[in-house]
Every structure is written in structure tokens, then in C-alpha cells.
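Got chain A sorted already, so can you dock chains B and C onto it with the hints?
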Amino acid sequence: MSSPEDDPDPFRREALGLLARAPSARLGELFPDLPEQEILRRPETGSVMVRGRAGGTGSSFNLGEITVTRASVRLPSGHVGHGYVQGRDKAHALRAAAIDALAQHDPKRIEVEILAPLRREEHLRRAARAAEAAATKVEFFTLARGEDE
Amino acid sequence: MTASELSGGFAVAAWDGAHAFRAVLNAMARPGTIVALSAATGPEPISVAAATVLLTLCDRTTPLHLAGDHDNAALRTWIAFHCAAPIVAAQDAAFALGRWDALQPLDRFAIGTPEYPDRAATLIIDNHDFEGMPARLTGPGIRGTAALALPDARAFVANHARFPLGWDAILTSGRHLAALPRSTEIR
Amino acid sequence: MYVAVKGGERAIDAAHSWLDRARRGPAEQPVLDTAQIRDQMSLAVARVMAEGSLYDPDLAALAIKQARGDLIEAIFLIRAYRTTLPRFGASRPVKTGAMRIARRISATFKDVPGGQILGPTFDYTHRLLDFRLLADGALPATDPAEACETLPEPAPRILSFLDRDGMIETAEPDQAEPADLTREPMELPAERALRLQALARGDEGFLLGLAYSTQRGYARNHAFVGELRIGTVPVEMEIPELGFSIEIGEIELTECETVNQFKGSRTEPAQFTRGYGLTFGQTERKALSMALVDRALRWEELGEDGQGAPAQDQEFVLSHCDNIQATGFLEHIKLPHYVDFQAELELVRRLRDGSAGQEDAA
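Chains as they are written, first to last, in my numbering: chain A, 15 to 163; chain B, 6 to 192; chain C, 241 to 602.
Keep in mind the hints are simulated off the structure, nothing from the lab.
C-beta: ideal position from N, C-alpha, C; glycine also.
The hints are all genuine.
Pairs of lysine-lysine residues, derived as DSS-like cross-links and limited to a Cα-Cα distance of at most 25 Å, are as follows:
#: 1; chain 1: C; residue 1: Lys574; chain 2: C; residue 2: Lys246
#: 2; chain 1: A; residue 1: Lys104; chain 2: C; residue 2: Lys305
#: 3; chain 1: C; residue 1: Lys335; chain 2: A; residue 2: Lys151
#: 4; chain 1: C; residue 1: Lys350; chain 2: A; residue 2: Lys151
Footprint (simulated), chain C over chain B, 3 or more residues, beta carbon under 8 Å:
#: 5; stretch: 61–75
#: 6; stretch: 85–96
Just a sample of chain C residues kept apart from chain B, beta carbon distances all over 10 Å, derived:
#: 7; residue: Ala254
#: 8; residue: Arg278
#: 9; residue: Asp310
#: 10; residue: Glu313
#: 11; residue: Gly337
#: 12; residue: Leu369
#: 13; residue: Phe446
#: 14; residue: Leu587
One chain only, chain A, in its complex shape (with noise of 0.2 Å):
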């Protein structure tokens, strides 16, 4: 996957991905209360290009784009923490920053309560997903043949 050099924190860059994946419904459950926050950024909503490669692995080009939703906080301790989240919603992108900010002052906290879960409940739902896919897979098997005989 990434090489170390472009992975400075696999803890802050994985949490981000949870939170950006999650419901945002589940979120709101999990981290009901924003904390008392400055905002340094108010939740923004703008697209990101999406870009694919020719064949699969050749060259970049242009696919389309997605919604994507952006904020940025700072907790009295000083920890500034950044949310982006697929699609329009602002709740959503203001908690994951706020949990960011939080991860990083507190980062046994979040990942027991909030990543946790998330992390489970991701794996369960995929599982589900690559279930009803297996099911669907072809076990072929070869007919008795005419000229054998």
C-alpha cells in the first residue's frame, strides 16, 4: 500500500477514513455532545474529482466527481483537528473533526469508544456484502463427454 514516508500517522489516517465511512447517523449516536471547540473552518460542502486509470493501471484521467464536506476546529487544549466526509452533510463533517481533534488529545478515549465500534461495524457490514457475493460465485464442473466413452 503507502510506503512509511507517506504514512506519517496510520492512527490519525485510519481514524479519519472510519469516521469519513460511518453513517453519519451512527456518529451522532456514538458522540452525541460537540465538545467546546473554536471553529476554524465551518463545515463547507464542494466536490472532489474522482479519477481513475486507463486499463485499470495505466494513466490517470478524469472520471467525475463526488460531494464531499469539509470543517476544521480547535479544542481549548490547542489540538486542531480536520473532518472530510463524503457527501453533503455538515453534522456529520463537524464531528469527525471534532473527534480528530479529540484522537489526538485523548487517543485510548476515541479509539475505545468511537473507532472501535465503527471499526467492527464496518467489518460486519462488508462481511455481509462478501457473503451475498460468495454465494453468487460459480463452482463449475465439467459434463461427461461424448468421445470418452
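Structure of chains B and C alone, referenced to chain A:
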């Protein structure tokens, strides 16, 4: 990252951006007119007016050159966060920001080509002294003549001489901004 | 020539009001919920996202509802909305080789690592109307597949097997920044990156017709479906304020790679060549069509002889595949052309008078 590197952006991006854009447009359309801008605050030494211009006109698609003491880590971080303009060398810049002396020599900046005169740089001359000796301006957007203090009138005379090529200039200081497109003649 | 005409406001207001009621349908029916459209009309949603060139299932569902199910109108709404969004940046190229597979089939190899996975396909249905859906809208529930704890086998790209033997042209990455036709007007001839972008947002029907024409002999290039896969991939982007890249979401994609017979040319050895299709959502017909048209458009770079077929003509394909451009120009002829037409009328009258005079003289 410290406070000043991330705070000081637009409070409401759509509104602040639209108001600032209108103000810059007016200044550019009426050379010599001084307008007030105060929507953004960046780290030293950028003025409030120049910071507002950056957040209004610059984004990922506008390469920006920082000259002199405007090229510092705090301001680079602030720009990356608020408008994400890529920082480039002078000859690749669509916009350049710095004090007049730091922007020299000016022949480093793009002046466009006969086919695409729009591919020219816009210089944001910050911490400009609006109180200096005014030069007389004439040209498009000016009824009769207008007056504006310039850092070095000769440079602007030479720039106008190659119209339709040439760079355009935005002069800023504190909350004040004036503009001098290449079409303006200096008397 | 157009002339400003006033006086239609009341009629327009009334038309809009009727449009609202026509969309709503009879008041005694439950109103259609956008979540229902998103989840139960998901292939219409996928088409609107692919051709609207904006991946957002909720917005696509809203657009379909607002457009009364007219998908091109819905795509128009999405394209218009898209222009209001600030662009935060571009993602890293998605890694379709690591896709979480829902469907993955190959028409070229039977036994492939990862297997042939059918997914939720219409392919083996009998295309008979299911009147049970008409009766009460409900079918007896089927059980989801039993969850298995083991992760699915990795599904490597099928074309990589041919690649290993040098039997197919390679597809090597480069660092070039791809051009973006939503930012700069397209100039012809267009490089492949730009063509793929145009095809990815192009009209499914138009591309289907063109792809079919290549199969029937107009620019025959004999395509096999090397691999077709549908599934989800993460979208990863470099965040300047973080200084590293993160996943900002996950999208469903359809990818189609064709293997095409190629006898070799003045510049290339005999080997298989590739056509490529990649589209938002589950949009299989579109991805297949895109791959066939992509391959047909590549004739020049592969040193093939042009046959003058429509699918080989860049200008023809790229200038006409966008259904919003097309419908905009087509539908504008409904707008008042009163003065234009008066001039034509006069002209035809004069010609007729003139020719009548000549007949008399003869």
C-alpha cells in the same frame, strides 16, 4: 500549527467571497479608486486587504508566488489551509504576492502571449504606501484623469507600453486596495 | 435571431403549478420518498450519477423525483448543481484492482483466481414480467446469504495473466496530470484521458448504439469481455493541511476491460489490445459500451487503418456523446424563432412568386 496559521478565514465564504470579488472588480474597472476590504486576516506580514484578495481569487488552480518576507512558513500554512493555491517560482505564477522591492525584478513574471494575453501574472503589491506622491492615470475606466501613488511610475509606464501584453497590479495596504490593469496609462 | 417577447409570465406560472401537481400524482397516493428512489430505483440513480458526473445517491434520487423520472432532465439538474460546488481537489487514482467485489465475471477465462461472481444480475432472468410485484408490491422475503467470517479471495485483474505473457499491450502508469474537460474546453484531437472522461459522462444510449455498430462491422475490432467487475473502492485524497492522504469515502464503480484481437500494424506487434470502461454505480451496459468505443477510438495510436466508421471518428463521438449538450441544443429549437421564421416565409414566398413568373413566361 498555531492559531494565526489556521484562523482568520472568511466567516461566511459565499458572502464574504462575493463582496470581496465585487470590490476587486470595481477597483480593477476604475483604476485609481481605493476600496476597503476586511474579510480575512492572515499571519504577518500580509495585510488584511491582500489576505482577502487571496481567499477571493486564488485556489488550487492558480499558482501563487510568494516574494521576500511574505514567503514564510506561517503564511504558507495559512494559504494551504484557506485557499490551497500551489506555491511556485515567479515565472510560473498566476498571482504573485510581496512588497514592491521583493517582487523585483519584474521581468520574471508572465505577461501573456499575443494569442493568450490573459496568461499573464497579477501582482499583489502589499504594504503599499498610498500616501506617496500620486501619479496621474488615464485610460479605460477613468473619466478624465485619476490619481494614485505608485511605487515606481517608470515600471508601470514600461508595462503599459507593451499592451495588450503585460502584468496587472493590485496594490494593498491595511484594509485598502487599488488596482492598476496594464491598460492604464501613466502621465 | 431572437426577440425578447413579454407576456408569458402568467402562462408559465400556471404551467409550473400544473407541473408540480402532475409530478405529485393523485393526492390519495402516498408521496414518493427520495430514500425509496435511492434504494429501490438504484440503477436509475446510478445512471444519473454516471452521466451527471457527480456521485451522490441522495441528490440523484432527488433529481429523479423532481424530473418526474425523466433521467436526462435529472442529469441536467445534477450537472447544474455540480457547477455551484467549490472544487476541493482531485483524488488519487482509485485502485480498482483492490475493489470489494459484488460482481466479477470474465468471458475469456473460465477458471480464474477469485472465481466468477455473478452478483445481483439480470443476466439469467427470463425477462418475464413478474405479476407478483403488481399484485401487492411484495415478494416473499429471501434470506440474505449466511455471513462467513473468512474474507473473500483476492480477485486479481484477469488481464494481468495475459500481460505476464506479453500477449497484450501493457497499461503503465505515468505522472502526467490529466486534462479536465469541465475546466478547459476540449480540443481535438483529444488524448485518451480526455476521451475517457467524455465517454464516462456520455449518454448510455448513444454509446450503446456506437458500440453495437462496431460489433456489426463499422470499425470491427472483435471485443471479448476480459473482465467486468462491480464493487466498492475507497476514495483517497491528499489533504494539504494534514500533509498526508486519507480516505474520504467509498463509492461503487463498474469497470470493464475488453480484450481485442489485433493483427499488428506498422508500429505494433501482433498482440491483444485493450478497451476500457469505468463508470459510477452499477452501470454495466454503459461500462461495456464505453470500453468498445474507447477501443474503436484508439485506432490511430495503434497504427491501424481508419475505416471511416462513426465510432472511430473522435470529433463525431466526443462532440455528440454528451446528452446535456445535445438536449440543450436540440430543445432550444422549441423556443420562439418567430422572426427567423418570418424571414424564411418571406423567402419561400418570393421564390414561389419568382418561379411562378418564370413558368408564365415559358
